[in-house]
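All chains should be modelled from the sequences, with the hints used to inform the complete structure.
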Amino acid sequence: MPRRYPVFFEGQPFTLFSARKWLHLRPRARGYRVAVKNISQRTTMKVAVANIAGTQNPMRDVYAHKVHDCIRAVLLRGESVELDFSGVKNTVTRFMNMAFGRLVLADSSQYDGLVSIIDYGNASVGVKRLYENSLDLARNPQRVTAEQDAQRELSVLP
Amino acid sequence: MTSGLFTAQTDCDGYGVLARLYADYCRPNAGYPALDVSPFRHIDPNLAPFFKAIMDASAQDFGIKLRTVTGIEPFPDLIANGLMRVTGFSDGYVENVYPTTLRLQGFMKEDEDSLCAYIEQHVLRHPMLANKKDDWKFHLAQCCREISTNYDLHAQSGKPLYICGHYYDDAKELRVTLIDLGIGFLSPIRAFTQHTDAPITDACAAIEWALKRRNTIRDDAPRGNGLSDILAACESTKADLHIAGDGCHWWFEGRTGRSHAKTVPCFFRGATIHIVFR
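Chains C and X, in that order, are what the protein sequence lines are. Heads up: the first sequence at position 28 corresponds to 28 in our numbering, and the numbers run straight through without jumps. Heads up: the second sequence at position 96 corresponds to 96 in our numbering, and the numbers run straight through without jumps.
Calculated from the structure, these hints are not laboratory results.
Partner residues are not named here, just some residues of chain C that face chain X (Cβ under 7 Å, in silico):
| # | residue |
| --- | --- |
| 1 | Asn57 |
| 2 | Asn90 |
| 3 | Val92 |
| 4 | Thr93 |
| 5 | Arg94 |
| 6 | Asn97 |
| 7 | Met98 |
| 8 | Gly101 |
| 9 | Leu105 |
| 10 | Gly126 |
Ideal Cβ positions, reconstructed from N, Cα and C, are used throughout, including at glycine.
The structure is reproduced here in structure tokens:
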């Protein structure tokens, strides 16, 4: 039976030190599949959205909660996050708002300082647009409403 | 249904005609053994979800189980898009025989994978849309996804969301209709705004309120951009957006950029959304 190494240390030798680190991180990762990009820095975690959600089509709140909780746990440790959207084929505004918008709403400066994007994946145009739109919504609570209202003319027919 | 020749198109008048049919069937002791569409002279094929929703609503509310659909033969497009399959009366009928058809299908909230497969296989690979740009297709697919994933949150319905479409070659338009049997727009928005400075009390105002960016009845996350983004997508692609429910039919004309609202005396339960892509 092949020996299974923990997923936290992709590309890293399985040493006593890394094993101790793995044991330290595992309960905080709450069982989700999390990959550490560079263990030598020990401050940046690569979060693969599709892996954590467990689907290529993360659209429902249940998937958003998984991603949100995972990122939040990393941010609470003071570590930075690299988001990887590769593997996400279809998603929606609701998922983005629940997974990422909530974190921005809670502390936008922390989010901007610690979270970065490394890959938008195959569905780059759509995912990027939805992600940025969601973050904009959380950062600017009232900015667009007045502009849109001014542009839209409503005529009620008799 | 009173006798006469009715026309049901993807517009405010068509909604009113079908809502009258709905009101006629969905009442206590209606006594109709079959859903009869023979009084119609024309029915836009993408309006097929109305008939399935009428059957669902009459069964759910009054225990009326319609046994068949009659008078369907003059409407081959309705057979082709799968109305008889979805209603359970498919014997002797063949569907999906026209390249213009976008098949009728229902999706529950947990069916996101099958919804995405439907959009990818039936909507985006529709033979009539082969020449459309990727950005246009993205807007089309995203509108379907957004509505489909949000309806369970807002409609609070245990029934599926029905989607159907049809490509009109003469007008070069793809008309997509989505119907849910939920609680509509007015009830939750009226409850949410009743203690605010601007309470919403009528259906047209409720739809307009829901379309404004950042307006939401939930405060657990930044929300309120789903429907407004759909409207923005319609503006950018010059598509028409129709939203109907609770006695109001609101629509946005993509060509002119103007929106309108009209009260309708007869209305359908839940919310009805048409999007006309061109």
